Amino acid sequence: MNFGLSDEQGLLQDAIRGFLEEQTPLDSIREFAADGNGLQAEIWQGLIELGATGVIIPEQFGGSALGMFDATVIMEAIGRTVAPVPYISTAVLAPIALLGSGSDAQQQDWLNKISAGDVMFGVGLTEATGVRRDAGLKLVGSKLSGKALFVIDGLKADQLILAVGSDTLVMVDANAMGLTRNRLNVSDKTRGMAEVLLDQADCELIGAAGSAAQTISKMIDAGRIGLAAESFGAAEILLYRARDYALERNQFERPIGSFQSIKHLCAEMISDLEPCRSLIWYAAYAYDELPEEASLMACHAKANTQEVGKMVARSATEIHGGMGFTDLMGLHYWLKRIELNRQLLGGPEATREAAARLQGLVA
Amino acid sequence: MNFGLSDEQGLLQDAIRGFLEEQTPLDSIREFAADGNGLQAEIWQGLIELGATGVIIPEQFGGSALGMFDATVIMEAIGRTVAPVPYISTAVLAPIALLGSGSDAQQQDWLNKISAGDVMFGVGLTEATGVRRDAGLKLVGSKLSGKALFVIDGLKADQLILAVGSDTLVMVDANAMGLTRNRLNVSDKTRGMAEVLLDQADCELIGAAGSAAQTISKMIDAGRIGLAAESFGAAEILLYRARDYALERNQFERPIGSFQSIKHLCAEMISDLEPCRSLIWYAAYAYDELPEEASLMACHAKANTQEVGKMVARSATEIHGGMGFTDLMGLHYWLKRIELNRQLLGGPEATREAAARLQGLVA
Amino acid sequence: MDLKFSEEHEGFRKQVQAFLKEHKATAPTMKAVNGTSAAPTPEVKRWQKILIENGYTARTIPKEYGGYGGEADLIKGLIIQEEFIAADVSTGLTGQGISMLVPTLLELGTEEQKQKWVGPTIRGEVVWCQGYSEPGAGSDLASLKTKAVVEGDQFVINGQKIWTSSAHFSDMCFILVRTEPDAPKHHGISYLLMPMTTPGIEVRPLVTITGDAMFNEMFLTDVKIGVDQIVDQRGKGWMVANATLKHERGMIGNPAQTEANLNALMKLMKAETCDGIRAVDMPVYRDRLMRLQGRLLGLKLHSLRLLSDDLNGKAPDHGGLIVKYSSAYLNHEVYSLGIDVMGELGTLYNGDAYQSELDWQKMYLGSFAGIIGGGTAQIQKNVISERGLGMPREPRVTLDNKGWAMM
Amino acid sequence: MDLKFSEEHEGFRKQVQAFLKEHKATAPTMKAVNGTSAAPTPEVKRWQKILIENGYTARTIPKEYGGYGGEADLIKGLIIQEEFIAADVSTGLTGQGISMLVPTLLELGTEEQKQKWVGPTIRGEVVWCQGYSEPGAGSDLASLKTKAVVEGDQFVINGQKIWTSSAHFSDMCFILVRTEPDAPKHHGISYLLMPMTTPGIEVRPLVTITGDAMFNEMFLTDVKIGVDQIVDQRGKGWMVANATLKHERGMIGNPAQTEANLNALMKLMKAETCDGIRAVDMPVYRDRLMRLQGRLLGLKLHSLRLLSDDLNGKAPDHGGLIVKYSSAYLNHEVYSLGIDVMGELGTLYNGDAYQSELDWQKMYLGSFAGIIGGGTAQIQKNVISERGLGMPREPRVTLDNKGWAMM
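Residue numbers (this note's numbering), protein chains in the order written: chain A, 1 to 363; chain B, 1001 to 1363; chain C, 2001 to 2407; chain D, 3001 to 3407.
Hint data in this document are derived by calculation from the structure and do not stem from the laboratory. Misleading hints may appear alongside valid ones.
Subject to a maximum C-alpha distance of 25 Å in a straight line, what follows is the list of computed DSS-like cross-link-like pairs (lysine-lysine) [claimed, not checked]:
1) A:Lys-138 to A:Lys-156
2) C:Lys-2300 to C:Lys-2004
3) B:Lys-1156 to B:Lys-1138
4) D:Lys-3270 to A:Lys-147
5) C:Lys-2300 to A:Lys-310
6) C:Lys-2185 to D:Lys-3270
7) D:Lys-3185 to C:Lys-2402
8) C:Lys-2270 to B:Lys-1147
9) C:Lys-2049 to C:Lys-2116
10) B:Lys-1310 to D:Lys-3362
11) D:Lys-3362 to A:Lys-310
12) C:Lys-2362 to B:Lys-1310
What you are looking at is a predicted structure, and each value in this text was computed from that prediction instead of being measured.
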C-alpha cells in the first residue's frame, strides 16, 4: 500500500519541477506576461522533450500510457512555476476528448501529434459548465456558428475542441474561414484565454452529434483535478515564500516571522492546504482506477483547493506587506493563476452544487 | 443629532444594569438554572418596580410610553446578566400584539396588568417563523387544538399568546382546560421554553381571524431586535471577561493576554461586535420612527449579531481554555443564551433570506 | 498510488470478519464501552480478555506482560478499526491507563513495574487516571506546582490537579509532581504512580459546559506513597510525560468519527424540515454541508497519506501536526450545522423528546474540549509553525499584566 | 436617538443642493478628479477655486492662508459629502498635500511656512508627495534609514523611499529623514520639505498587482535643501509625522464607498447570469450578499455613531480604531463576490469588452492596498487590542531569524 507517488512518479516530478524551475525565473515570467499570449515556446518544447504531452496517451499513439495521476503531478509543477504553457488543454483535455469519442482516424492523426508535440490545442467547455452572456454555439451539418467564451489556451492553439451544449464535441482549425479569435484580457497574463467567434466555420465532429456527454463529463472531471493541482502547486509556493520572507524581513528589531500573528497565519495556511494534496492525489487516482468516485472527488478537490488557495494567496500577500502589492517580487502571478483557476470549469459554489447533485442531494 | 442613548435612556440603562448586576451573581444563576424553570421571581419583581414592563405601553394603560429603543436598552442589560425573566414575551411581544390587534377591552385589561407586573405572558410565534415537525395549531370558533412548539417564556406564564398561521393571533389562559404544557430541555437553562399541547382549549382571538398579519410581523421585528440586543449584551460581557481573564492568567511567565494570538482574537471580537451595537440601536430606532425600514434592519441586526455573537462566544471560551469548558466560571450560560437566541424567530440563514425578500431579491 | 492491501492483509481482514460474525451477538457495542464514565463491568472485562487472546487489542504488547505479543503492523491495526467500527463492536477498553501509561511503562518503566501494572491495566482490572494539569498549569504544563517532598522512604504530596477524568472510579493515578523545587522548571518534575485509595486524596466532580461531570478536580493533602513508586529518575518526569503525551496527541482528532458525524448530518438534513422544506433542499445549508464534506475528505485522505508514509518508513513531516487542530474545528462546525438545520429544536438536549437520534447540542458543546483540550488551538498553531514550518519559537520573556518585562 | 439635523443644517443642505444644481453641468465628476494620477488640469483648478470660495472644500482653513475660513462643523462636512456624492460632482482635490501636509503645517508649521505653502497647495498649484516608507521601514516606520547630514546651511539627503504616490508629477515632497543617527530611533528623525526638482532625486514607477504604477520608488543621492526647510525641530520629525498620520488613518475605510460598491454588486447580481439564471436568484450567492449587507450596515451605522460621539464631545473609545481594519476586509469580500458571480468573466479587467460596468477584478486586486497600506491588518489588530482594549504592548525583544535573542 502506498498513498502517494510511486518511485517512477517521484522521478517524473523531480524532472518536471527541475526543468520548469530552471526555465521560469521571474524575469521571463514578466516577459511573457507582457506579451500577453500566455505561451513560452522554449518551455513548451522542453516539456515535449520530457514526454509530458504524452503521459495519458496510449503507447500506440506515441504516448507513455501513464495516467491522470501523472498528469496531475505535472500540472502541480506547472502551478509551482506559473509556467505559461497550454498543457491542460493539449495534453489532458484534448486526448480525453479524442480517446473518449474520436474516430480511429482522428485518434491516429491527432494523438500522435500531441505526443510528438506537433500541435497545440485550445479547449472550450463553458457550454457545458455554465453559459455566460451571449455565448453559445450552433452546429448545422459540419458548419459551426456562434460564440465560444473562455477557450482555455485558445489564443495560440492550432486546433480548438469545443463543446456544443453538453453532449456534442467538435474540433475546428484555428485558422478556419469564418473563425475569429480575440484575446480575453484576464488578469492572469500567463495563460492565453480566447473568445472565439464562428460564422459558418467548417468543423469536424468528435463522435456523433449528441453522443459525447460522457466524454465531456470526463473532460470536466480531469480539468477540475488538473486545475486544482495547478492551484495547489501555486499555493504551496506562496505559502513557503511567505514563510521565507517572514524570516528574512526585519521590523521592530526582529524578523516578522517571529511574531505570533505571522506564525499563526502560516500555521493556518498549511493546515488548510496540506490536506488538499491528498484530496487531489486521490481524485486523480479515482479518475484512473475508481471511475464511480471520480466526479465527486474532482468536484471536492477543485472546490476545496480553490477556497483554500484563495485564502493562502491572500495571507501570503498580506505577509509580504507592501512587497506583496508590487510587481517587484512577482508574487501576484501565483495569486492570479489561483484566481483564474477558481473560475474555470465551475467556481466553488457551482462545483459544490455538482457534488451534491452527484450524491442525490439535489431535488 | 444624537446617534445613541438620550440622557434619560442613559439613566434607564444605568438603573437596569445596576439592578441586574447586583441581583444575578453567578451562584444565583446556577440556582435557577438547576431549577429549570427559567424564572427568578425577585428579579422579575425588581424589574417591575423599575417600570421595565411598561416601557412600550401607553400612559393610559399605566405604561411609560417610551419605545422599542428603550426596551432594547433593557434587553441588552438582561443579556449582560443572562437574567432569567420573561421580559421579551411579557413586556415586548404581548404589548405589541395587544396594541396592534387587541380590542379596547383586551388592551384595558391586559396592558394595565403588564404595566403593573400582574401577569406573565408566554409567546409562541413559530407558526409564523418556521414550522418544525408536527407543530401546528387549528382554530375552530374559539376552540384551539394542536401543538405549539417553543413558546418563549411559556413555562411559567399565566397567559399565552400564540400565532395561528401567519395572520391570526389568539390568547389562551395557561391553565385552560385542554391545555398541557411541557418543559423543553434547552441547553440555556435560564429561559423557560415550553411545548404547549391544546385539545379544544378555549381561547380568545386578538383581532379577527386572519387580520393580524401585520401585528405578527411587527412582533417578529421587535422580537428579532430584542433577541439581538440580548445576544449583544451577552457577547460584550464574554469579550471583556475573556480580555480580563487573559490579563490575569499567567502561562510561560507572562499573562496570556500578552501573546499576540490572544490579543488578535480579542481585536477580531471587538471589531466584529462593536458595529452590531449601532446596527441594533438603529433597528430599534427604525422600529419606533421609520417603520418602512424596520423589518429589514431587524433581520440584519439579528442575523449579523447572532453570527458575530457565536464567534465571540467561541473565542471567549477558547481564551478561557479549560476554565471555559467548566462550570466554575459559568461562562457557558452566556454562550448558551447566545446559541438559543440564534435559533429563535429565525436562524441567520432564514433571517438573511427574509432580508433579501424584503428588498425584492427573491424571485 | 496503490491503495490495495497485500493478500496477507486481506486474509487478515477475512479473519477479523469471521471473528466478528462469530461474536457479534454477545459483544458489547462501541458506545457501551467507550461512552461510559464508570469502571469496566465484568462483561466488558470478559470481552477485553477475548480481544487480547485474539490480538485485537493490546496487540503489540509482549506476551510476558499479558499482551498478545504480535508484531507492529499498522495495516492490521487499521483493518481491525475499520471492521470493528463497521460492525459496531467494541474494540475494547481505551482510557488513559491503556493509551498513555502502558506505552510509557513499556518504554521507561522498570521490569518490576511492567510486570506489576501492564497486565492488570490492559485487562481492565486496574483503572488509571492522569494527574497532569493544574489550575495554574495548563498550556504551560511544566509550571506545575503540586509538590512531593521525601520523608523517609515516602513521597509526601501536596497540591491540586484538575481535568483528572475517571478519577472517581480509578484505582491508580500517574501523576506529575515537583520534587526539585530549585531546578529549572522542566527539570524539577517527577512522574509517580499513586494508588487512589491513599489517604489525603479528595476527588470532586467538575461540572462542564455540557452539564455532565466527565472530569474531576483532585486535592492532595499529605498524600504518602513509597519512593519506589516513580518512573525513571527524580527530575526526569517531564521527559517521561512527553513520551506519554506523544501518545495522547495522536488520539485526538479522528477522521473516522468525523465521517460518521457527517454521515449522520446528511441523514439529519434529509429528515428535518422547516415549513415542510427539508434542510437538504435549502441550498445555503446544502452548500455548507458540501464545504464540510470537502474538508472532511481532505483530512481523511490526509490521514491515509500519513499512515502510508509511516508504513513506508518516510520521515514524518508537518503533516501529523495539523490533524488535531483541523479536526477539532471541523467537528465543531459539523455539529454547528446540525443545530442550525434543526433550528430551535437544535438547542434541545439531554433526552428531550424532540432531539434527533443524536444529541447535536451536547456534541456541539462537548466539541469545545477538542479545541481546548490536549493543547489549545493557539498552542497547536505555535507547534505547527515552529516544528512544522521551522519558524522561531516564542521568545522567553517574563512580563507583568501590563506587558512590562520583569526580572 | 435623534437623527434629524437642525434647521440651520437642513437650510445648509438646501444651499448645497442649489449650488450643485447651478454648477452640475460644468463641474467635473468625482472620478475625473480623484481617479487620475496626474497633476490637476486647469479645469480642475478652476473648480477647486469655486469650491473654496463657497466653502465646500478647505472649509476650515483660515482665510489668511487661502481657505474659506469657516468654523469646524462636522455635520456641514457630512452634508457636503452626501450631496456631492449623490450628484456625482467632485468635492475637489484630495491628495496627500491637502489631506496630510496642510493640517500638519497649520498645526506645527511656522507662519512663513503656512503663508508659503497652504494657499498654493489647496488651490492645486503645488502638488505634494509623501516620503515616509522605505523598503526596510514599513510597519516599523521609525526604523527608517534615509539620512540627512548638515553641510553648511544645507541638509544633504541620501537614501531610498518607496510608496511615494504621485511622485512623478509632484512639485514638493514632505519627507522623513534621519538627522540624529545616535539618538533612539524615534528621536532621530526630522520632517523636511523638499522640492522635487532638486538635483539627485530619481523617481521610478512601481508597478503593482493591478498592473498600474500608482506608486513610485524614489532614490535620493546627495539631494541638497536648505536647513530652514524643516517643520518643527530637528529630531522631532516622528511627532510631526504622527500628527500627519492621524489624518491619514481616518482616510482609509470609507463606508460610503463600500455602500456604493455593494449597491453596484446588487445591480450586477441582477444582471449577470449563468446558464440563464441570474446570480441573485442563486441562494448561495444571495446569502453571501446579505451577509455583506449586514456587515456594511453595521459599519455604516457605526461610523454614524462615531460622528455623533464626536459632535457631542464624547471621548473617543475603541470604536474609531476598528473602522479601517473592518472596512478593508469588507471591501475585499464585496469585490470577491462580484468576481464570483461573474465566473470566468470576473477575471477580465482593464477594459475588456466582457467586463461589467465596473472593473471588479481590478478593484479586487487593488483592495489589497486597503488591507496592507496605512498599517497592515496585523498592525491594526495590535493597535485595537492595545489602545482599544488595554492589552499589553508587544514586548521589545531583539531576535535573529531563528528567534534567538540578540544583544
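Take a quick look at whether B:Lys-1156 and B:Lys-1138 sit within 25 Å of each other, Cα to Cα. holds, 23 Å
Taking 25 Å as the top limit, are the C-alpha atoms of C:Lys-2300 and C:Lys-2004 close enough? Between C:Lys-2300 and C:Lys-2004 the Cα gap is close to 17 Å, so the pair holds against 25 Å.
Given the hinted pair D:Lys-3270 and A:Lys-147, is their alpha-carbon gap at most 25 Å? Satisfied, since the Cα-Cα distance of roughly 23 Å is no more than 25 Å.
For the pair supplied as a hint, A:Lys-138 and A:Lys-156, confirm whether the alpha-carbon distance does not exceed 25 Å. Roughly 23 Å between the alpha carbons, so the hint for A:Lys-138 and A:Lys-156 holds.
Take a quick look at whether C:Lys-2185 and D:Lys-3270 sit within 25 Å of each other, Cα to Cα. With a Cα-Cα distance of about 64 Å, the restraint between C:Lys-2185 and D:Lys-3270 is violated, given a limit of 25 Å.
Would you check the hint for C:Lys-2300 and A:Lys-310, treating anything up to 25 Å between C-alpha atoms as holding? holds, 22 Å
Pair hint B:Lys-1310 and D:Lys-3362, alpha-carbon separation not exceeding 25 Å: Judged against 25 Å, a Cα distance of about 34 Å means the pair is violated.
D:Lys-3185 and C:Lys-2402: Cα distance at most 25 Å? holds, 23 Å
Is the Cα-Cα distance between C:Lys-2362 and B:Lys-1310 25 Å or less? Roughly 16 Å between the alpha carbons, so the hint for C:Lys-2362 and B:Lys-1310 holds.
Would the pair D:Lys-3362 and A:Lys-310 pass a check requiring their Cα atoms to be no farther apart than 25 Å? holds, 16 Å
Does C:Lys-2049 pair with C:Lys-2116 here, judged by a C-alpha cut-off of 25 Å? holds, 18 Å
Mind checking the alpha carbons of C:Lys-2270 and B:Lys-1147 for me, to see if they're no more than 25 Å apart? This hinted pair holds, its Cα atoms lying about 23 Å apart.
Against the hints set out earlier in the document, violations occur for numbers 6 and 10.
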